[in-house]
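A.B. asks: These are the residues of each chain, in order.
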Amino acid sequence: MPGATQSHGRGNFRGRVLENRSICPDHYRLRLLVERFPPSCPGQFINIQCASVEGIVEPRQADRPAGRPPRLSQPELTSRQPLLRRPFSLAGRRDLAGGSTELEVMHRVVGAGTAWLAQLTAGAEVSVLGPLGSGFAISERRPMAAVLGGGMGICPMLYLVEALTAAGKEVVAFAGVRTGGALPLASAGAEPPSPAARPTMCTAEFAEKGVATVVATDDGSLGFRGLLHEAFAQWLAQRRPDGADLTVYACGPEPMMKAVGDLCLGRGIECQLALERYMACGMGTCQSCVCRTRAGGEPGWQFKLVCKDGPVFRAEELLWD
Amino acid sequence: MSETVDLSVDVAGVSLANPLMTASGTCGYADEYADFVDLTQLGAFVTKSVTLKPRAGNEYPRVVETRAGMVNSIGLANVGLEAFLAEKVPLLERLGVPVFVSIAGSGIADYVAVAGRLEGVDVVRGVEANISCPNVKEGGIQFGTDVRQVSRITQALKRVCRKNILIVKLSPNVTDVAAIARAAVDAGAEALSLVNTFTAMVVDTDTRAPVLASGRGGLSGPAIRPIAVYMVHRVYTEVARGAGVPIIGMGGIQFARDAIEFLLAGATALAVGTALFVDPGCLLEIRDGLAEYLRRGGHRSLREIIGSLQAAP
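Chains as they are written, first to last, in our numbering: chain Z, 1 to 321; chain Y, 1001 to 1313.
It is worth saying that the hints were derived from the structure and are not from the lab. Don't take each hint at face value.
Dumping the calculated BS3-like pairs for lysine-lysine here, alpha-carbon to alpha-carbon at most 30 Å [as the list claims (entries may be wrong)]:
1. Y:LYS1053 - Y:LYS1163
2. Z:LYS308 - Z:LYS169
3. Z:LYS258 - Z:LYS308
4. Y:LYS1053 - Z:LYS304
5. Z:LYS308 - Y:LYS1163
6. Z:LYS209 - Z:LYS169
So, partial list: chain Z residues that the calculated Cβ filter (under 10 Å) puts toward chain Y [as the list claims (entries may be wrong)]:
7. LEU129
8. ALA204
9. ARG277
10. TYR278
11. GLN287
12. ASP321
Note that beta-carbon positions come from the ideal geometry of N, C-alpha and C, so glycine has one too.
All chains should be built: construct the whole structure from the sequences, respecting the hints.
C.D. replies: Structural data, given as structure tokens:
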């Protein structure tokens, strides 16, 4: 790296697939082995190039013998893979002996990039930029934490829960999904999720870390019938925790995060929200992933970049459109 | 590694160690990519466009990916001239490569004011007048699509650019790019950058509305490369070669072979844009690929192949 410029502890890495397991329809858990990955924290993300590492190497047309006709295989014709990278929040990290790191992300097939990712098998290699963005800040003072994940927003919460429990926090998780089938549940012996928004040891991913979960499903097929923030509101009302004791961390659909943010701000509860935006680079240069935040002076707001200033913002910073 | 190949080029008196530079708007102002690529190895660094006053830019969504490309409508979001001078110039000074500052404005006076201030900044070696941004209501492309306006703004800038070379960045959204290029060169442009993005639109078929908040944007990426190569070649043969004005070629360069196409078509230097979003390190891979291509072809210097396009078989 150049000595003339400052390092932010990010980089471009080669990741080797350790496992790419389907966890429920269309959803995969991808574990990558990366050498010398910089320190990271929950809420940060990686940008994966959804194209074969071989495919992005310059075709060696210069090898063709003189006098032979050129191959009509331009790179964009030889590649049916998307141009831009896809961002994925880190769902976990494990540092291994010898300087290698296991990174975990989850992905859902929604288009060409994630369809390409879904077919990866162990041993495949991918290009990984990261760690990107700013993560969640774990409160020094507040002993309790509620983590709320809506849909794919559950992923960063898995990494966060590890950090929170390691910091000695008392943690309760909220997981919102459209339907019960979209959630990996703990195996036999676990209590069924309570329809009354009470946490149980039901969601496998959180139970593994000793954290009980309130489950909310849109269709009522599991746990609380309704939206995640409604389950959270009910839990808050029943439990009446002191706002000064609790930090809330949320990631999911924006209406959910706005509702959670409003609930917390009204009760003096610290609240950190992880936003999602369409982005081209993830490194703070393309300027596409803007969100509106409060600012002093005229006009009273400013755009911030979700990839660089975020993706985690404090609820009081955000101005929702 | 056999003998070394001379990759250096000269852009209107500014000597570059190699022809590779960043394309404005895709690389920030200075050190944003420092973690991903050794920027000191570039031929030159071109900043994001700077305007007299800061600009917040357009509403979200600002980009959408297309097949082999992307459409953006950022709206010249930038920190403004004062913050650029105070905060970014010190970072640029540490890069150790020639810096060209892209400038934009809503009127000729804005461009002139920014260019005038940049005369006092040593590390800056040139200004690139962005008269081709398709994403702002005023200024930008309205200058770049009218020969009289191109002439007027170039003349005005030429009067203030003394230390700095004057590069004019052309829009491809014109009927006759050579006529625009001629107007710029006749009015004093010392180098031409082409092409900027192609005005484009992507429609969401569910909402039946444009995907981008501003309705339309500029298409970039590998999809535009063949049109950009054609435009570079046309401007080279019809204007630039005769006038001795170098072309900075850009539009969809991602691999060394893409870059070679532009050189053969007549570009002296090359800028990489959208591909940086995927991998900033591609700049140096392209540079090394150029050297390998030249070695295999038995060339001593990159300058030997500039504009050496053969007639179609």
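A.B. asks: Each hint: holds or not?
C.D. replies: Structure-based check of each hint:
Pair hint LYS1053 of chain Y plus LYS1163 of chain Y holds up; C-alpha atoms about 23 Å apart against a cutoff of 30 Å. Restraint check: the Cα-Cα separation between LYS308 of chain Z and LYS169 of chain Z comes to about 27 Å, which is no more than 30 Å; the hinted pair holds. Distance check on the hinted pair: LYS258 of chain Z and LYS308 of chain Z sit about 21 Å apart at the alpha-carbon level, within 30 Å; holds. Using a Cα cut-off of 30 Å, the hinted pair LYS1053 of chain Y and LYS304 of chain Z holds, with the two alpha carbons roughly 18 Å apart.
Proposed proximity of LYS308 of chain Z and LYS1163 of chain Y is contradicted: the alpha carbons are some 35 Å apart, above 30 Å. At roughly 12 Å between alpha-carbon atoms, LYS209 of chain Z and LYS169 of chain Z fall within 30 Å of each other, so this suggested pair holds. Hint status for LEU129 of chain Z: holds, given a least beta-carbon distance of 7 Å to chain Y, under 10 Å. Given hint, ALA204 of chain Z at the interface with chain Y, is violated; its Cβ is 34 Å from that chain's nearest Cβ, farther than 10 Å.
The interface hint given for ARG277 of chain Z holds, since its Cβ lies 7 Å from the closest Cβ of chain Y, which is under the 10 Å cut-off. Because the beta carbon of TYR278 of chain Z sits about 6 Å from the nearest beta carbon in chain Y, less than 10 Å, this interface hint is met. Contact between GLN287 of chain Z and chain Y, as hinted, is supported at the beta carbon level, the nearest pair being about 5 Å apart and thus within 10 Å. Below 10 Å, beta-carbon pairs count as interface contacts, and ASP321 of chain Z has one with chain Y at about 8 Å; its hint therefore holds.
Checked against the numbered hints above, the structure breaks hints 5, 8 and satisfies the rest.
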